[in-house]
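Those sequence lines, one after another, are chains L and S. In terms of the UniProt record's numbering, the first sequence is residues 1 to 465. In terms of the UniProt record's numbering, the second sequence is residues 1 to 465.
No false leads were mixed into what you were given.
Copies of the same chain are indistinguishable here, so a pair counts whether it falls within one copy or spans any two.
Calculated cross-link-like contacts (lysine to aspartate or glutamate; reagent style DMTMM-like; alpha-carbon spacing at most 20 Å):
1) K239 to E101
2) K239 to E217
3) K239 to E287
For the record, the hints were derived by calculation from the structure and aren't laboratory data.
There are 2 protein chains.
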Amino acid sequence: MLNAADETLARRLPEGVLREVAEGYLEEPRGRWRGIAGLVAAPRDVEECAAVIRACAEARVAVVPRGGGTGLVGGQVMPGGPAPLVLSLERMLAIRDVLPEEDVMIAEAGVTLQAARDAAAAAGRQFPLSLASQGTAQIGGVLSTNAGGVNVLRYGNARALCLGIEAVLPQGQVMRDLKRLRKDNTGYDLRDLLIGAEGTLGVITAASLVLAPIPAERGVAMLVVDSPDAALHLLARAKARMAGGVTAFELISGQGLRFLRQAMPDLRQPFADCPDWLVLIEIGLPEGLSAAAALEGLFVAGSEAGLVSDGVVAQSAREVDDLWSLREHIPLANRQIGAIASHDISLPLSEVAGFIRDAGAWLAAQGDMRINCFGHLGDGNLHFNLFPAEGRSRADYDDQRAGLSHHIHRMVVARGGSFSAEHGVGRLKARDLAEWGDPVRLAAMRAIKQALDPAGIMNPGAVLA
Amino acid sequence: MLNAADETLARRLPEGVLREVAEGYLEEPRGRWRGIAGLVAAPRDVEECAAVIRACAEARVAVVPRGGGTGLVGGQVMPGGPAPLVLSLERMLAIRDVLPEEDVMIAEAGVTLQAARDAAAAAGRQFPLSLASQGTAQIGGVLSTNAGGVNVLRYGNARALCLGIEAVLPQGQVMRDLKRLRKDNTGYDLRDLLIGAEGTLGVITAASLVLAPIPAERGVAMLVVDSPDAALHLLARAKARMAGGVTAFELISGQGLRFLRQAMPDLRQPFADCPDWLVLIEIGLPEGLSAAAALEGLFVAGSEAGLVSDGVVAQSAREVDDLWSLREHIPLANRQIGAIASHDISLPLSEVAGFIRDAGAWLAAQGDMRINCFGHLGDGNLHFNLFPAEGRSRADYDDQRAGLSHHIHRMVVARGGSFSAEHGVGRLKARDLAEWGDPVRLAAMRAIKQALDPAGIMNPGAVLA
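With the hints as extra help, turn the sequences into a complete structure.
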């Protein structure tokens, strides 16, 4: 039943936008928080979206924008305070245009990443952003969080794949800036300001997205390396040989392989033992080159330089999928094992190996734990996750958890790294940002928030605590 | 001699930062405006820069930041009002770090683009931003104006080549955000907000820049095409074949070739006649492919498809330079001929050919003129410049100039294009922005300007009129 304030607000909304306040609107994947909501509204177009936000601004009701709900930092749920309106983009589903001759697509916020990728493929192009939750994650959320994934090394984050946006600002104004231009220097970059603002400065309702040609030759290999340092030297060689053709360069640890064996014994692994470190490399090359031959050449060069000790190069599309499947199942295996704490960190490339070494040594002194360190090594982005020692449970580490994460973030920041590489700040890391962020930058962020959202209705508590 | 206000301000500045108010600080390349200045200050480091801006904020004296002074829209000169302090970055010349293993360089604002490119080359890498004024243009200015140039197609604008900045905000606060990270989602994107803000939101004092590997195989060709439309079809084919390997794709018109013959008769042209349309294409490919062979393959495919009628592929580094030299001399020839009006516009790729056709038809009806349309076709960025008919002078068109430019900008905007693709807004196009910009976006820009620069001291009159 609605309370009086919600009833008043509901009457001011466009007809038919309200949805039932169902449980699904109040959840986030890790179950850390349960959200609250007075109303759930799902506008059908940008005008309805603007009307909803205008009504909320007038009523001083908070708005929590919601895409696919796959975010891992609690940006999509407000767990306390006066109950907000949850603004779901689920009905803004149009792919307004696909322009392969421009390498551009215009999609509304509620389009899933997978649907956007499929639409690009149907036009003979790719939308290169790719991440585990792409079947559920939506374009609006992907942009609002500046999502990353496995192809950032070559194609950039979500931000790099967006030419223009349509958005509703916090007082209900519609900003129409759906440009399809590669060059446009006409004023402040509000597009990039809203991208990554996690719904605190407005709601992105549609975007012009960058498509890319599909490289003629695609190849994937999994190579055994001695150490993260060797992996990084191999990356440098790959970049030098491939002229920008390295699409993905992922690190996998022996611990990750052991977790996979335990959680998914049927998943075929290419190496009989569990090497300490592997890299999965994908390349995309021009016509006239064999990708498999190029990877074999890299393997030989890496072996001669003492960087690579073993490896497999996929010889078919099926083998490509099999190798990627290993990488993609790591987060699922992690979930089955149950992490003590997860860290989505990035480091300058030359600091990665030192961090892995020092953090490992420090953790060894803190107690018995297992580390699964994996991720987008080519971007300096590691998922550095801690697990209970064999035979122990997550709960055994409850007292340590916060302290461990805090110290790991401290070590990352000390090396010029980031405590949130691709997941964003949300509510989970708002205190980290307050602690580790440059104070002048934080003050400027607050001034901008105050200027654009004077009533403070947009996703309060996210990003800026 | 200083007036009383300048004397008071001068006493509050760090010792030794003042320079003589020399003519060079008051000029811009096209001679459209002459700036004024009460003082010229050239800080040696970020702390001195902050002290200068703090003193100006307290004294309510405007600050006009100045890099190499090569900007074409008057962003670097204040022609009227209370005399500002010109803040020259000329003494912030350190390249603080070159990290080839990370593909990163940290350079201060006063480093010339050429010096940055040389430092990258000395480390076996490239800093891919390249433009005509690179010997004089400085990193700070290049970022503040989000400069473009000939390699944007592959490597992006200045914005895409910057990972982090150090900047002084309008109240003299130092924002330290010189990150070297490919992924960092910790709050609002103030870096991209300051990039392209043309000194109106603060002064960039140093930046972490992205380096790129030098492709193993470089090739350049000049191909004769029937029309801009044929050129764009050829571009699509080149992109599909080269897997991201197209570095530059420049359009040259027959008019441009005729101006070159007239102004620089010694410059060797590869074609005996002056074809109506040429493209200059540069590619960079992985090891194992011959770039010349790839270009010959493109030539054959383009010929078979009826897109290309003639062409030359450079067979040596010398021939590469010769072909580029033709393209690079076009602006110099233009200057000798003397333009009625110049337009730095961009269009969605699928609107380029229609615009060239329609704008040409409209101009033909306005009187006798010559059009030199050239530029970065791969980015949809044209320099669409108008010249007097043979035997007539610029002055004959004085009455028409403003009206011609206004209508051309109207045609561009109607096709979803930009009236400033790579040069910025400055003072020249502040009224265009007010007229053509989305009003909601403009209001948000003003709110941000007010929030970050409440005293309005940073480069007043630029961008926001």
